[in-house]
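Trainee: Listed here are the chains, written in short residue letters.
Protein chains: 2
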Amino acid sequence: MKGTHPLTPKETRILIRKGNWDKPTAGLAMGYAQANLVILPQKYAFDFLLFCQRNPKPCPLIEVLEPGQYRTKFLAMDADIRTDIPRYNIYRRGKLEGTVKEIKNLWESEFVSFLLGCSFSFEEALLRSRIPIRHLEENKNVPMYITNISCNPAGLFQGPMVVSMRPIPPDKITQAVQITSHYALVHGAPIHIGDPAKIGIRNLRKPDFGDPVSIKKGEIPVFWACGVTPQAVVMKAKPDLCLTHAPGHMFITDVLNEELANF
Amino acid sequence: MKGTHPLTPKETRILIRKGNWDKPTAGLAMGYAQANLVILPQKYAFDFLLFCQRNPKPCPLIEVLEPGQYRTKFLAMDADIRTDIPRYNIYRRGKLEGTVKEIKNLWESEFVSFLLGCSFSFEEALLRSRIPIRHLEENKNVPMYITNISCNPAGLFQGPMVVSMRPIPPDKITQAVQITSHYALVHGAPIHIGDPAKIGIRNLRKPDFGDPVSIKKGEIPVFWACGVTPQAVVMKAKPDLCLTHAPGHMFITDVLNEELANF
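Quick mapping for you: the protein sequence lines, in order, are chains L and A. Under the numbering used here, the first residue of the first sequence carries the number 3, and numbering increases by one thereafter. Under the numbering used here, the first residue of the second sequence carries the number 3, and numbering increases by one thereafter.
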């Protein structure tokens, strides 16, 4: 449209900060990475950081703020993670207590914020190479499954790996592996290709999270480690308090997806 | 020689544990990764873990043990990091107090052990592709330089990045970049290629650590982030106590160099 142009990441964050965007962030600031947020009180921070270090595929840290800090330093220069996400979930002892539009009034000087990479970044790279992304084609959420693969535990934090699934035609699998291998900071290469039963998935039509998608004749299900894993693990550990983004309502960074690639 | 065969990593660690190997570990258990060790009291552990997360090229963590743990879980199953390294340095408030053959009597339940990847792994991969490693040819330590590149600080920990330098013929540089790119857990791709002055190095013949090596006509100095960086940063922070391996006296793992590659 004449005269319109997509908002920059900074403009998008200001829109969100002012409370003028209360929807999921998919499709905003295209080309820029979006991030998952987990905020925990300091007493849990070392164990959670260690959990991420031990499980980099499901938990790819892209920024960790020091205790009490709410301004990002690496992913964006002017951002406030207390206000710059459209919706936040509040969990107490593992239970969802509510969803809010900002967390300034909940902020404590001992909070540690963890930002994790999100598969939006590698999906953009797959699409650029004409690799189909079924859930986008069908306008659904990606299907996600709890596997029989245990994460490496750390302190309080333990649990199974959650994976996302994308059906890929056989002649595109090599390329899908090659492309996502370059995005270690957004879950990286697939953790499993083919037989779902091998990783404890009984029925692809019944995902544990997200929506089922159609699998065309000959397509192979390809599984990537999923950012729901750290959230599931944190909920299971039942910390006194945990704040996260609400699903799909991500933190928009100033970092290009391409800048997260590890060539 | 008839009847001799190289020791496995486990056999090598037992030799070291019994006090029967008091020399550097280069060349032992070829093909297996060796690791740097940093042990800090728990009060420093979150900040140091954060420092490594923020500076993955100089500080590639390959295992972090929980407070008080001295047995590795990922890099080796039967190892005791209090005894399985030939020599340890003891630093108090940043000053070297002594060098010992084991640290069992110094061990405290609040110690956190960090193991970091070592460039031995990528050097083996470079050699396999006939890329010359000058300091090995000249039987020297790799030359290392303090740069004008600041690490991303975290809590107490801050300081300049230290790099190692290897002169590479121009027609081999692409390959050297490609190969080391696959070893993110052992410093990864070069951080600088060419003009030393650009990164604050005045004289290649006067390294800050290690030995000068000859640079042949037409060769380009190629610089990689170096594992001396975290040690320099920790010393500068002057923690009450810090235990490390003595230079060149590394921890030998059961992990193949190839298993550290991020293909």
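Hints in this document: simulated from the structure, not taken from any laboratory. None of these values were measured; they are calculated from a predicted model. Some clues are possibly wrong.
Intra- or inter-copy, both count: the list cannot distinguish identical chains.
Below 25 Å or equal to it, Euclidean Cα-Cα: the simulated DSS-like pairs (lysine-lysine) are [as the list claims (entries may be wrong)]:
1. K106 / K75
2. K75 / K238
3. K75 / K59
4. K238 / K20
5. K218 / K45
6. K208 / K75
7. K174 / K238
8. K103 / K75
Trainee: Against each hint, give a clear statement of whether it holds in the structure.
Mentor: We went through each hint and held it up to the structure:
no.	hint	result
1	K106 / K75	within (19 Å within a copy, 40 Å between copies)
2	K75 / K238	between (30 Å within a copy, 23 Å between copies)
3	K75 / K59	both (23 Å within a copy, 18 Å between copies)
4	K238 / K20	neither (33 Å within a copy, 43 Å between copies)
5	K218 / K45	neither (48 Å within a copy, 54 Å between copies)
6	K208 / K75	neither (40 Å within a copy, 35 Å between copies)
7	K174 / K238	neither (37 Å within a copy, 51 Å between copies)
8	K103 / K75	within (22 Å within a copy, 42 Å between copies)
In the structure shown, a violation is registered for the earlier hints numbered 4, 5, 6, 7, in ascending order.
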